[in-house]
Amino acid sequence: MSDNERPSIRKMIEDKASQKGATNAAEKTMPKLFLICAIISILTTFGIVLTLLFETVTFFSEVSIVEFLTSSEWYPMFSDPDYGIRPLLLGTFTVAAIAMVVAIPVGLAVAIYLSEYASDKKRRTIKPILEVLAGIPTIVYGFFALTFVTPVLQSVIPGLAIYNALSPGLVMGIMIIPMVASLSEDAMSAVPQSMREGAFALGATRLEVSLKVVFPAALSGIIASFVLSISRAIGETMIVTVAGGGSPAQGFDITSSMQTMTAYIVQMSLGDAGFGTTVYYSIYAVGMTLFIFTLVMNILAQFISKRFREEY
Amino acid sequence: MKEVSQENTSGTPTEYLSAPSNLPKREWKNRLFRTIFATAVIFSLLMLLILIIRIITQGIGSIDWQLFTNFASRHPDEAGLKAPLIGTIWMMALTGPISFVLGVGTAIYLEEYAKPNRFTTLIQTNISNLAGVPSVVFGLLGLTLFVRELSMGRSLIAGALTMSLLILPIIVVSSQEALRAVPAELKQASYAMGATTWQTIFKVVLPASVPGILTGTILALSRAIGETAPLIMIGALTYIAFLPESIMSQFTVMPIQIFNWTNRPQEEFHMVAAAGIIVLLVMLLVMNSIAVWIRNKFQRRF
Amino acid sequence: MLASQEKNTEYEDNTTIETKKTGNSVYKVDQLNLWYGEDQALKNIELDIPEQEVTAIIGPSGCGKSTFIKTLNRLTEMIPSVKTSGGIYYRNQDIFDKKYKVELLRTKVGMVFQQPNPFPKSIYENIVYGPKIHGIKDKKVLDEIVENSLKGAALWEEVKDDLKRNAFGLSGGQQQRLCIARCLAIEPDVLLMDEPTSALDPISTLKIEELVQELKKNYSIIIVTHNMQQAGRISDNTAFFLNGEVVEYDQTDKIFSSPDDKRTEDYISGRFG
Chain A
1 MSDNERPSIR KMIEDKASQK GATNAAEKTM PKLFLICAII SILTTFGIVL
51 TLLFETVTFF SEVSIVEFLT SSEWYPMFSD PDYGIRPLLL GTFTVAAIAM
101 VVAIPVGLAV AIYLSEYASD KKRRTIKPIL EVLAGIPTIV YGFFALTFVT
151 PVLQSVIPGL AIYNALSPGL VMGIMIIPMV ASLSEDAMSA VPQSMREGAF
201 ALGATRLEVS LKVVFPAALS GIIASFVLSI SRAIGETMIV TVAGGGSPAQ
251 GFDITSSMQT MTAYIVQMSL GDAGFGTTVY YSIYAVGMTL FIFTLVMNIL
301 AQFISKRFRE EY
Chain B
313 MKEVSQENTS GTPTEYLSAP SNLPKREWKN RLFRTIFATA VIFSLLMLLI
363 LIIRIITQGI GSIDWQLFTN FASRHPDEAG LKAPLIGTIW MMALTGPISF
413 VLGVGTAIYL EEYAKPNRFT TLIQTNISNL AGVPSVVFGL LGLTLFVREL
463 SMGRSLIAGA LTMSLLILPI IVVSSQEALR AVPAELKQAS YAMGATTWQT
513 IFKVVLPASV PGILTGTILA LSRAIGETAP LIMIGALTYI AFLPESIMSQ
563 FTVMPIQIFN WTNRPQEEFH MVAAAGIIVL LVMLLVMNSI AVWIRNKFQR
613 RF
Chain C
615 MLASQEKNTE YEDNTTIETK KTGNSVYKVD QLNLWYGEDQ ALKNIELDIP
665 EQEVTAIIGP SGCGKSTFIK TLNRLTEMIP SVKTSGGIYY RNQDIFDKKY
715 KVELLRTKVG MVFQQPNPFP KSIYENIVYG PKIHGIKDKK VLDEIVENSL
765 KGAALWEEVK DDLKRNAFGL SGGQQQRLCI ARCLAIEPDV LLMDEPTSAL
815 DPISTLKIEE LVQELKKNYS IIIVTHNMQQ AGRISDNTAF FLNGEVVEYD
865 QTDKIFSSPD DKRTEDYISG RFG
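Here the protein sequences line up with chains A, B and C, keeping their order. For the first sequence, my numbering gives the first residue as 1, with consecutive numbering after it. For the second sequence, my numbering gives the first residue as 313, with consecutive numbering after it. For the third sequence, my numbering gives the first residue as 615, with consecutive numbering after it.
Possibly wrong hints are sitting among the right ones.
Claimed, not checked - No farther apart than 25 Å at their CA atoms in a straight line, the calculated lysine-lysine pairs in the DSS-like style are these:
hint, chain 1, residue 1, chain 2, residue 2
1, C, 715, B, 515
2, C, 754, B, 515
3, C, 715, A, 16
4, A, 11, C, 830
5, B, 609, A, 11
6, B, 394, A, 212
7, C, 697, A, 16
8, C, 765, B, 427
9, A, 11, C, 697
10, B, 515, C, 778
11, C, 697, C, 712
As the list claims (entries may be wrong) - Each pair of labels, with its calculated beta carbon distance range:
hint, chain 1, residue 1, chain 2, residue 2, range
12, A, 50, C, 812, 26 to 36 Å
13, A, 186, B, 355, 34 to 44 Å
14, C, 728, B, 337, 52 to 62 Å
15, C, 647, A, 57, 18 to 28 Å
It is worth saying that the hints were derived from the structure and are not from the lab. Just so it is clear, the structure is predicted and the values come from calculations on it, not from any experiment. C-beta atoms are modelled at their ideal positions from N, C-alpha and C, and glycine is treated no differently.
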């Protein structure tokens with residue numbers, strides 16, 4: 001096969017094989033470089049935990065942890081400051097609850113429609129448009145809440161303050177609809193077609209199949225999507241910073257300002273807190289609380305979807 | 313229930329076999345709920361429509377050449393986006409490569425090299441948990457680690473590193489999916505020719521998965537340019553009248569400028585903010601279109 | 615003959631490997647066992663595979679024939695749960711030796727798979743993939759390799775005008791011959807073929823079978839097939855696998871006319887499998 005002018009390919013490959021230094025070097029170094037990349041993600045987690053831990057410890061050396069957990073007043077900027085996390089928690093969970101009142105029913109209804117009722121073509125048109133809703137930056141939602149939703153609500157609820165919990169809660173709910181819808185739809189689409197066919201064969205209507213067969217079978221995935229959405233709502237920052245205002249909650253009045261944990265962190269770092277002051281460290285203590293809540297919810301969501309997954 | 317059984321026993325066999333008497337009611341219920349579910353979809357789409365129309369009507373009047381050539385100003389009619397626009401471009405130019413290298417590297421490690429052991433599970437679990445950490449917490453990390461401990465100050469590079477870590481999980485997960493989509497037969501063909509692992513990855517796996525990886529990276533970057541909170545945390549300025557000169561320069565970005573204008577009480581500033589939002593959304597639209605285009609154009613069906 | 619002398623020269627890296635005299639066999643398989651986790655897929659395989667002949671491996675689905683051929687170039691290693699014991703000696707060298715360079719083995723042992731698996735690149739790029747990764751960069755030499763390999767795989771006439779075309783545009787049979795050409799490009803010693811025609815139509819199958827007859831002049835070929843007629847038509851020796859064991863291994867004529875084992879006879883005559 002080879003002609004006389006050059007050695008056979010086999011011979012050439014053998015000659016090259018003895019001088020494959022560069023290939024061998026790449027073969028040895030590349031996996032190490034990739035391992036380093038992978039380790040950076042672990043270091044990020046360590047970085048977050050250590051950062052929060054160190055500065056929170058500093059904070060608790062100046063403010064007692066008992067006050068932080070039990071006091072019902074949050075006035076860090078007073079000359080005689082109060083550091084009770086409860087009003088911030090109240091604000092955070094109230095806004096998240098309002099968001100869920102919107103996102104869960106609407107998101108779930110959208111998921112059932114897309115998974116059980118819509119034709120393939122409709123589904124492929126609607127889903128990307130809903131993804132747009134999820135891709136809009138949160139600052140845009142904040143702007144929308146403050147300059148449009150709040151004035152509209154004020155015309156219905158006369159006592160509504162400019163900064164309130166209701167408007168950002170509702171807007172956050174709209175933002176989270178696609179998340180509930182897409183995660184729940186994934187769970188429902190994973191239910192095998194044979195289960196639906198079994199019920200249809202018995203004469204069940206589409207609604208009965210959806211609610212009595214598909215919904216229970218996908219329940220763990222659906223609940224996991226709720227938990228993840230709550231976690232997302234708790235961690236959401238810009239909507240509440242822009243439209244929720246900066247006063248700690250005074251009870252359950254959603255028509256007035258209710259500062260959330262995230263809004264507090266941003267508002268303090270906008271310039272009020274000098275480095276090394278107690279207020280500066282307080283943002284880490286609040287950040288730590290926020291981190292723990294979202295982490296627990298994320299782990300809970302993973303646990304639910306794994307532990308209670310239906311084996312089809 | 314009682315009623316039904318009475319009817320069934322009293323009916324003739326043919327009546328018994330014909331449609332159950334509760335069927336019209338059940339079908340009506342089905343139609344009702346179908347309408348309810350469809351209404352939820354329409355509600356969501358309507359909200360998107362209202363949001364977009366509202367922003368456009370608010371901001372379209374303020375979009376002119378000045379908006380792009382002027383720095384921020386105390387007078388709304390003179391206020392421009394020059395610094396944040398350039399800042400956002402800098403931010404993308406830095407965040408893109410950093411997060412791409414780290415994210416794709418991690419994905420290659422997990423998909424092609426890692427053995428199924430505890431350490432691999434740890435990395436994988438860690439990544440899915442990082443994806444759920446609120447962005448403001450990443451801001452706290454950036455503030456402490458990059459701005460203070462590593463003395464980078466409130467610079468572009470400190471912001472870009474923070475953003476890179478924030479979008480890292482998204483890039484890792486989407487790159488993993490793209491790598492996993494490369495059929496095992498192609499890898500086997502390469503190994504059977506005497507190729508080494510790295511040669512196989514570099515010459516077979518990566519070329520086949522690069523459209524998916526790029527799509528995921530662009531979508532992650534479009535998440536990054538809309539992020540506000542982490543950059544506020546690390547102290548990106550809200551009023552800045554100069555352009556960044558190096559990665560150590562102070563900076564501002566689009567969402568922060570929009571945030572600043574939104575926070576002003578004057579209605580005029582809200583209109584400039586809406587104009588800024590239009591520009592930001594157009595940038596996002598362009599990036600998403602590129603991502604979808606790459607996916608449709610180059611994604612091979614194996 | 616010159617060619618066979620070249621084949622016997624060993625790489626420097628593999629000279630220290632434990633050897634075992636294999637005579638004019640390319641492969642000597644010695645007490646080979648293989649497990650997927652707990653399940654044993656190969657049991658005590660003993661085979662001598664002669665050079666420059668076609669050796670067919672036949673047997674019903676799940677008998678371990680595909681697994682066996684993939685141990686010959688150590689591709690089974692890609693599955694993490696696989697464990698092996700015993701030895702495979704290729705040209706006198708133990709391929710399971712820790713010091714043995716598996717890349718060098720695979721350079722000399724080409725493989726064609728069940729499904730045609732060209733790379734999503736041009737025809738030209740598919741052929742030069744092997745030479746390039748082994749360091750041949752001269753454009754003239756590469757062009758020559760492409761022509762020779764495609765001629766060797768009886769594909770040249772069909773594709774010579776459009777070598778830049780994407781390989782995915784070829785028909786299934788053409789793709790499979792491209793995959794054979796891709797192996798020929800690095801001038802291997804042995805060709806492993808894992809049911810190369812199972813995904814092809816009868817006409818493409820015939821072409822591949824003719825090609826195998828042509829190729830055996832230069833290469834030792836081991837072919838797995840579930841098609842007994844195919845084994846009868848193209849092979850010199852046949853091994854019958856059943857439940858991970860070699861039931862019978864002999865010259866093809868002997869296996870098909872007067873097998874020693876009752877189970878071979880039953881399988882050949884179509885009573886099971």
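Quick one, are residue 754/C and residue 515/B close enough, alpha carbons at most 25 Å? holds, 22 Å
If you draw a straight line from the CA of residue 609/B to the CA of residue 11/A, is it 25 Å or shorter? violated, 42 Å
Between residue 647/C and residue 57/A, is the Cβ distance one that fits in 18 to 28 Å? violated, 59 Å
Hinted pair residue 11/A and residue 697/C, Cα distance within 25 Å: Given pair residue 11/A, residue 697/C is violated - Cα atoms ~34 Å apart, limit 25 Å.
For the hint 52 to 62 Å, verify it against the beta carbon of residue 728/C and that of residue 337/B. For residue 728/C and residue 337/B the Cβ distance comes to about 57 Å; the hint holds.
For a C-alpha distance cap of 25 Å, please report whether residue 515/B and residue 778/C respect it. holds, 17 Å
Holds or violated: residue 11/A to residue 830/C, with C-alpha atoms at most 25 Å apart: Satisfied, since the Cα-Cα distance of roughly 20 Å is no more than 25 Å.
Pair hint residue 697/C and residue 712/C, alpha-carbon separation not exceeding 25 Å: holds, 14 Å
34 to 44 Å was suggested as the range; check whether the CB atoms of residue 186/A and residue 355/B agree with it. violated, 21 Å
Does residue 515/B sit within 25 Å of residue 715/C, going by the straight-line distance between their CA atoms? Holds - the C-alpha atoms of residue 515/B and residue 715/C are around 21 Å apart, at most 25 Å.
Does the alpha-carbon distance linking residue 765/C and residue 427/B stay inside the 25 Å limit? violated, 42 Å
Agreement of residue 715/C and residue 16/A with the hint, judged by alpha carbon distance not exceeding 25 Å: holds, 15 Å
The structure fails hints 5, 6, 7, 8, 9, 12, 13 and 15 (numbered hints given earlier, in ascending order).
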